[in-house]
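S.K.: Sequence:
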Amino acid sequence: MKTLIYNATILTMDKAGTVLKGGWILTEGDIIKELGSSDGKKPEGVEAEEYIDARGGIMLPGFVNTHCHVSMVPFRTMGDDCPDRLRKFLFPLELQSMNRELVYLGALYGIGEMLLSGTTTFLDMYYFEDEVANACLETGIRGYLGETIIGQKTCDSPEKEYGGFEYQKKFLEDFRGNDRIIPIIAPHGTTTLSPEKLSEAHDLAVRYDTIYTLHACEMDYEMSHFREMGQTPIEFLDSIGALSGHTLAAHCIHATESDLSLMKERGSRIAHCIASNTKAGKGIAPMKDADICGVPFGLGTDGPSSGNTLSMFDQMRLMPNAQKTKYHDRSLFSAERVVRAATSGGAEALGAEHFGSLEPGKKADLQIVETESVNMFPAYNPYSALVYSANASNVDLVMADGKILVRDGVLTALDLPKIKADLLHAMKPFMAAAEEYRDII
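Going by this note's numbering, the letters in the sequence shown line up with residues 179 to 619, in that order.
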């Protein structure tokens with residue numbers, strides 16, 4: 179099927195930064211066929227089965243969320259002000275109460291939230307990851323998915339540590355070659371696995387030629403641990419052969435200039451999660467230095483428990499605000515650079531070339547942000563309007579793989595109220611178990 183969308187300001191996010199005013203785009207199946215400008219009118223001689231008037235909105239690629247734990251929706255608003263909550267109650271409550279049904283329904287709900295806010299691709303690491311894959315297949319979103327590998331018992335491996343290895347090996351084979359489910363390797367972090375297991379996980383990523391992603395340079399106790407060893411976490415990963423072109427390090431709050439140079443040399447990338455980093459008071463990652471050094475990076479929401487939102491608009495606004503404040507320089511990170519980080523930069527961080535920009539031959543992953551709402555006028559600079567004015571409620575249309583998944587700001591294939599009701603019902607045992615931690619959450 180051919181779809182023609184016209185009368186939009188198109189931010190292609192191609193390498194040249196092409197902007198098409200009064201632009202149009204033609205998609206066929208899951209691919210972008212052609213695009214151009216025709217003063218907001220239907221282009222002559224371009225035929226399609228469906229015509230969509232963008233009404234002067236801003237069209238851009240779908241967002242690429244480079245770090246998430248989507249199924250953690252049940253944890254949202256729990257212990258937001260609790261220090262060290264990961265070890266105090268998140269890990270214990272996960273082990274006690276998370277199950278397949280919660281992971282699946284949490285993923286459905288979280289994916290609905292992401293689609294409504296313009297995200298068409300996300301990277302996820304969690305448990306029962308095949309249920310997240312099922313949710314992706316049902317909803318139409320693209321997922322880079324990895325079963326969490328960690329040196330402790332988990333909800334889907336309650337009998338032993340490192341059960342994620344066996345789980346992920348099967349997952350790799352089950353989804354090998356799938357166009358929308360890309361299996362990745364996801365060890366939890368630099369201190370939650372032994373050096374041998376971290377290296378083994380990296381070997382698996384090399385063998386399957388896929389992403390190796392983990393939390394790094396994030397926690398104060400992590401930094402103290404490696405400081406006593408005379409290393410940084412990044413230097414440690416390099417010493418065990420786990421810093422490479424496969425490596426996508428999440429957070430990197432405490433990365434040094436030397437770390438960034440080493441990452442550039444090894445071809446590693448960063449998933450920058452500004453909302454969760456600052457909410458936890460962990461610090462502001464040195465993204466100015468990363469950018470100068472040439473380390474590719476994308477933006478990530480982290481989980482709905484960590485950053486409380488799965489909207490990339492929040493990440494786009496917070497990211498430049500934090501960098502400008504950290505370095506006392508208003509000129510840092512232009513709005514265009516920020517939008518690039520949320521789209522084509524995210525695709526680069528994932529090692530993908532077939533989405534992330536609007537160009538002929540690439541995947542038909544796009545969104546339209548309307549400019550008719552009160553917060554969107556005037557929009558002299560469309561990039562600035564997206565970063566500093568827009569929010570998820572301004573997303574009017576979302577297309578992923580050529581299928582319209584959001585139209586007029588409404589999900590086309592998901593019944594979110596029903597999913598919410600089902601999730602709420604499934605959460606009853608979870609909420610009962612959470613009462614044990616009432617004094618700290």
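Just so you know, these hints were derived from the structure itself, not from any lab.
Only a predicted model underlies this, so the values are computations on that prediction, with no experimental measurement involved.
Hints may be right or wrong, so weigh each one.
[As the list claims (entries may be wrong)] Keeping only pairs whose Cα atoms sit at most 20 Å apart, straight-line, the calculated EDC-like set for lysine to aspartate or glutamate is: (1) K180 <-> E212; (2) K348 <-> E291; (3) K220 <-> E537; (4) K581 <-> D398; (5) K211 <-> E443; (6) K180 <-> D469; (7) K199 <-> D231; (8) K331 <-> D308; (9) K581 <-> E291; (10) K347 <-> E337; (11) K457 <-> D492; (12) K375 <-> E316; (13) K581 <-> D231; (14) K266 <-> D398; (15) K199 <-> E537; (16) K460 <-> D398; (17) K211 <-> E225; (18) K504 <-> E378; (19) K606 <-> D617; (20) K193 <-> E537; (21) K596 <-> D258; (22) K504 <-> E435; (23) K442 <-> E406; (24) K466 <-> E443; (25) K460 <-> D416; (26) K466 <-> E531; (27) K331 <-> E378; (28) K199 <-> E550; (29) K375 <-> E339; (30) K460 <-> E435; (31) K504 <-> E537.
S.K.: All hints are to be evaluated individually against the structure, with a verdict given for each.
M.R.: Right, here's what the structure says about each hint:
{"no.": "1", "hint": "K180 <-> E212", "verdict": "holds (11 Å)"}
{"no.": "2", "hint": "K348 <-> E291", "verdict": "violated (29 Å)"}
{"no.": "3", "hint": "K220 <-> E537", "verdict": "holds (19 Å)"}
{"no.": "4", "hint": "K581 <-> D398", "verdict": "violated (44 Å)"}
{"no.": "5", "hint": "K211 <-> E443", "verdict": "violated (36 Å)"}
{"no.": "6", "hint": "K180 <-> D469", "verdict": "violated (38 Å)"}
{"no.": "7", "hint": "K199 <-> D231", "verdict": "holds (14 Å)"}
{"no.": "8", "hint": "K331 <-> D308", "verdict": "holds (18 Å)"}
{"no.": "9", "hint": "K581 <-> E291", "verdict": "holds (17 Å)"}
{"no.": "10", "hint": "K347 <-> E337", "verdict": "holds (18 Å)"}
{"no.": "11", "hint": "K457 <-> D492", "verdict": "holds (12 Å)"}
{"no.": "12", "hint": "K375 <-> E316", "verdict": "violated (33 Å)"}
{"no.": "13", "hint": "K581 <-> D231", "verdict": "holds (16 Å)"}
{"no.": "14", "hint": "K266 <-> D398", "verdict": "holds (16 Å)"}
{"no.": "15", "hint": "K199 <-> E537", "verdict": "holds (15 Å)"}
{"no.": "16", "hint": "K460 <-> D398", "verdict": "holds (8 Å)"}
{"no.": "17", "hint": "K211 <-> E225", "verdict": "holds (12 Å)"}
{"no.": "18", "hint": "K504 <-> E378", "verdict": "violated (37 Å)"}
{"no.": "19", "hint": "K606 <-> D617", "verdict": "holds (19 Å)"}
{"no.": "20", "hint": "K193 <-> E537", "verdict": "holds (10 Å)"}
{"no.": "21", "hint": "K596 <-> D258", "verdict": "violated (27 Å)"}
{"no.": "22", "hint": "K504 <-> E435", "verdict": "holds (15 Å)"}
{"no.": "23", "hint": "K442 <-> E406", "verdict": "violated (25 Å)"}
{"no.": "24", "hint": "K466 <-> E443", "verdict": "holds (17 Å)"}
{"no.": "25", "hint": "K460 <-> D416", "verdict": "violated (24 Å)"}
{"no.": "26", "hint": "K466 <-> E531", "verdict": "violated (24 Å)"}
{"no.": "27", "hint": "K331 <-> E378", "verdict": "holds (18 Å)"}
{"no.": "28", "hint": "K199 <-> E550", "verdict": "holds (17 Å)"}
{"no.": "29", "hint": "K375 <-> E339", "verdict": "holds (11 Å)"}
{"no.": "30", "hint": "K460 <-> E435", "verdict": "holds (18 Å)"}
{"no.": "31", "hint": "K504 <-> E537", "verdict": "violated (35 Å)"}
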